[in-house]
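Full structure from sequences and hints, please.
Same order as they appear, the protein sequences are chains A and B.
Each residue of the first sequence is one higher than the last, beginning at 0 in numbering that gives the first Met the number 0.
Each residue of the second sequence is one higher than the last, beginning at 0 in numbering that gives the first Met the number 0.
By construction, these hints were calculated from the structure, which means they are not laboratory data.
Don't take every hint at face value.
[As the list claims (entries may be wrong)] Partial selection, computed: residues in chain B whose CB lies under 10 Å from chain A:
1) G274
2) I276
3) P354
4) G362
5) R428
6) V633
7) N650
8) L663
9) E671
[Said to hold, decoys possible] Listed next, the stretches of chain A that the computed footprint assigns to chain B, with coverage defined by at least 3 CB atoms under 8 Å from CB atoms of chain B:
10) 19–26
11) 30–37
12) 46–58
13) 87–94
14) 251–257
Note that CB positions come from ideal geometry on N, CA and C, so glycine has one too.
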Amino acid sequence: MSQLDASLDPPRAERPAAFRRPGLIAAYAVYLLVAGFAVAAPWSSLLHATVAGYPRGDAELFDRGGTMLIEAIRLTRFGSPPATTSSLLAILFTGAVGLLPFAALIAGLGRKGRVRAPFLASRAVRPIGTLTLLWGLSFAVEAIFGALLGVLGVKLVGALHFAARGEALGHVVLGAVVLLLLLPIGVARDLAMVSAVNDETRFYTSSSRGLRVVRRAFGRAVGGYLVRALLALGILLGALFLPSLLSTPDAPPATAMPFALHQLAIVLVVALRASWLASAIRLLDTRAPLPTVEAPVVFVAPADPIAPAELTEPVKTLDEPEPLAPADPIAPAEIIEPVKTLDEPEPLAPADPID
Amino acid sequence: MRRLLEIAVGLGIAWAAARATQPSPPMLAPPPGAAPLAASAPPSAPAGIPAPVGVAYDSDAAMTGHPEAVAGYTLRASLDPAKHTLHGEGRIVWKNASRAPVSELWVHLYMNGFKNDKTLFQRVPIDGFRGTDTPSGFGHITVKRFAVREMEGQDLWPGADKTSPGDPDDETDIRVPLPRAVEPGASIIADVIWDEQLPPITFRTGYLDNGFHFVGQWFPKIARLEPDGHFTHFAFHHLSEFYADFGAYDVTIDTPDSMIVGATGRLEGEVRTSGRIERRYVQEDVHDFGFTAWDAFRELTGKSEDGKVALRVLYPAGHERAAAIEMDTARFGLTYFGKTYGRYPYETLTMVHPPEGAEEAGGMEYPTLITTGGAWYEPYIGARLIDVVTIHELGHEWFYGLVATDEHAFPFLDEGLNSYAEADSMEARFPGSSALKSGNLEVSLWAFGRLGSVERFPNAPVAQPAPSFATGGDYGALVYQRTASILGTLAGVYGEDLVRRAIGRYTRRYRFEHPGPAELIGVIDEVVGHDAAQNLRAALFDRASVDYAVSTFESERSEAPHGIFGDPAHPSAAPAAPAGPWSGDVLLRRRGALRFPVDVELHEEDGTVQRVRWEAIEPAERIPFTGKSRLVAVIIDPAHKVLLDENLANNAKQSGRQIGGPLLERAVYVGEAGLWGLQP
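Structural data, given as structure tokens:
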């Protein structure tokens, strides 16, 4: 643990909850807005070029009859490959950069009381390597596993010789089944990321803990994730169609009202995600506690002698340790089993308590 | 270092996964090694001017009641649905309706187009059009007897040519020499017997393993005899097949009694004998006959809005909604087309929705019998494909059926005019959303039709024989979409009612006849005007195009002209300043040979919009502007009436640029939602 962390580390939350971190949820939603713009800009500017000369601008694309919309699609055919590549790169970049606010959100959820930006920044930056690896690997596993399941499923549905409607429904069911089968991967990834941020574990330990929770508390973990994901999906789809339902048929397409509705939906789905992450923190603490954690934060004067302590069992303290008074001598610990430290602690200077 | 490595590996894996899920770009260029085109005559604009049609044909009263009966068929077809074979026999009554003696007959055996992979039908690549290049089986027809009673009952088939002229691999266009000539006005009766093997559903005809059969191009059929005594005959080609003389068809179809049959004409009687059933269908005043048989058909029946036409939909289970749409569409279409193009003269209309796997049998037209298509879920997502296919095939009852043009020489006369009729009628029924209505997204058939129309017009003229099109994609875009866009443009510019009236006059005047492009252009000239006819001719035959563009515009505060006016020694007063406080001009351009007058909108800074008419006679013209405030934007043809305009992006220009808007807002939201799905 760095000196900076020690100086800013708030106590761990006993019962993490999303509603205690509205600021972080809003910040994450702002990040999504910026990232969404980065992803959308190449294609929307390409399409906009067709109607750039028209005083009504983009509104031409939404006119009844779709003449300008089809024309825009036609005229963008040469620009679409680079725009698609740009959007894909933007997805990759913003996805990777998004790990930082995501980690900050986890860090905030895992702590009690006020958390300061330097702490969040520190907690977001330090595990970025582990988080990126987890993200990329889980994405690839999902893609490969999903493709294999999809191919096998399509062959299976084809072999059943359904009628047209039955086959289509079979494919819908197949899609849902594949998503359900892929769900544990996403759940394990989230749990691993929470572990990496909240407990500063490395890739292997994070992954092991994530998988352990999925194994030991499958229903609670996957169910908790699924319920929130479905709710979020409903909110996103509802917000997609709500503006058109609220507008009169011949009204020109609006921007302000849909923007407000859409961003409200984004805030809500981020809150649901935060709720899941808070649940993930609790699940990790209860279902896959670390065998040991790094030595409790010890506020000691470098020169003070430390009395050895005799430990008969591995230390399992996950909640906030009582900070020791700097002046109190601590007996040196006698470790019966080797302690598994996950990050070499550095000598710390006494710090002010933080709220 | 370790962290960097982790980041690099993570990003690399994610990128690779993302790339793997990205679809490859569509192939725009045709594949190499395409077969050479079939020989065909170069297109030429019609030289003669037909006699004026007259206003009498704006109503049904002047319409011909019946055609001259030239080729009548009384046939009996026995179908073996297990072997997918058909045995046929009967007689053909044929009249020499030309001015010259005829010493040979040309007989089309189009079922032989499916005989092997060297026939013309199979050799020519589909390349962008419907159908498959590699059929899963073959079909053929073998004529056993072709005996003409007036020639002493002699079987003429042994003396007939074995292959199509100039094509030893094709057996679909057969010359039958006659022992002696048939004089003008004389008739002959030919007794025919034949056997055929149906192919697996290929393009139009054949069988499906589940017992579905669709039987088209199935009997020996005499080619169309022109007034000068020559036959218009051609080998079976996947882009054209229809052109024949009118007559009466009396066909008895013999099938196992479990089969449900749909056919051209009205059912005159049924006879059941030992597990089989014979159904007799009769129809006068048609030039073709098709039928379908399947034991799993569901059936929906109804009547036209005027109660005169019995409607029947045959469809597979699970397609109830499609059948209901087809029934509704037929009711609407019979009324709309009847009112616009002359009443439907037959008593029946049968619609067949082929089962899954037999989609290639869908979207076809035969007299009083059409096949439709479309997936069951399309109505649920707002796509109107089922309505569109149904109305299109119904339209063929006029453009092919009643006005029997030569599909081989000028396919645009049936498919193109029918595509215009399809879009026009669908727009009348679903304004602005004739192709799609999904939420607030509404797309018209005109917008879709523009796509192929403006993309492919440089490739070939519209008015050329079907085999001359280099690819099926060119054929589809030019014959269907370009023709519809041309007529849609005439309607937009000169008036929808006027063009509708012109096409209606054409279809009424040439009902039961075989007009060519000259007759169509003549009627447009007569009803819509000479400019419209000139544009139509150029667009059809000369690949003529048009692209309007706003080149520049400017405006400034009006001031009295500066300088010396009149005699410098005794200068006169300066001319008055322009009328408005702001003045300037707009430079407009029209590129291409087509000339359509268009509206031009001049947008002022205070929101005032002036609308002026630009005749677009010159390729470039400056339009003066005076207004109360600065000119900030100019739009040519703001209602997009000129569907042929090659590029709509350059039709407007404005000062300044907008940032944001509904498109960006929606796109950002979709981006956010997508990232939410991918995120952590």
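We went through each hint and held it up to the structure:
With its C-beta approaching chain A no nearer than about 28 Å, B:G274 sits outside the 10 Å limit, and its interface hint is violated. Taking 10 Å as the C-beta cut-off, the interface hint given for B:I276 is violated, the closest approach to chain A being about 26 Å. Checking B:P354 against chain A: minimum C-beta separation of about 8 Å stays under 10 Å; hint holds. With a least beta-carbon distance of about 16 Å to chain A, the hint placing B:G362 at the interface is violated under the 10 Å criterion.
About 14 Å separates the beta-carbon of B:R428 from the nearest beta-carbon of chain A, more than 10 Å, and the hint is not met. Nearest Cβ of chain A to the Cβ of B:V633: about 8 Å, under the 10 Å cut. The hint holds. Nearest Cβ of chain A to the Cβ of B:N650: about 7 Å, under the 10 Å cut. The hint holds. Restraint check, B:L663 versus chain A: the minimum CB separation of about 5 Å is within 10 Å; hint holds.
Look at B:E671: its Cβ gets to within about 4 Å of chain A, closer than 10 Å, so that hint holds up. For the region 19–26 of chain A, the stated coverage by chain B is not satisfied: 0 residues place a CB nearer than 8 Å to a CB of that chain, which falls below the threshold of 3. Only residues whose C-beta sits within less than 8 Å of a C-beta in chain B count toward coverage, and the region 30–37 of chain A has 6 of them, enough to reach three; the restraint holds. Taking a C-beta to C-beta cut-off of 8 Å, the region 46–58 of chain A contributes 12 residues in contact with chain B, enough for the three needed, and the coverage statement holds.
Look at the region 87–94 of chain A against chain B: 5 of its residues bring a Cβ nearer than 8 Å to a Cβ of that chain, three or more, so the hint holds. As drawn, the region 251–257 of chain A meets chain B at 4 residues by the rule of a beta-carbon pair under 8 Å; at three or more, the given contact holds.
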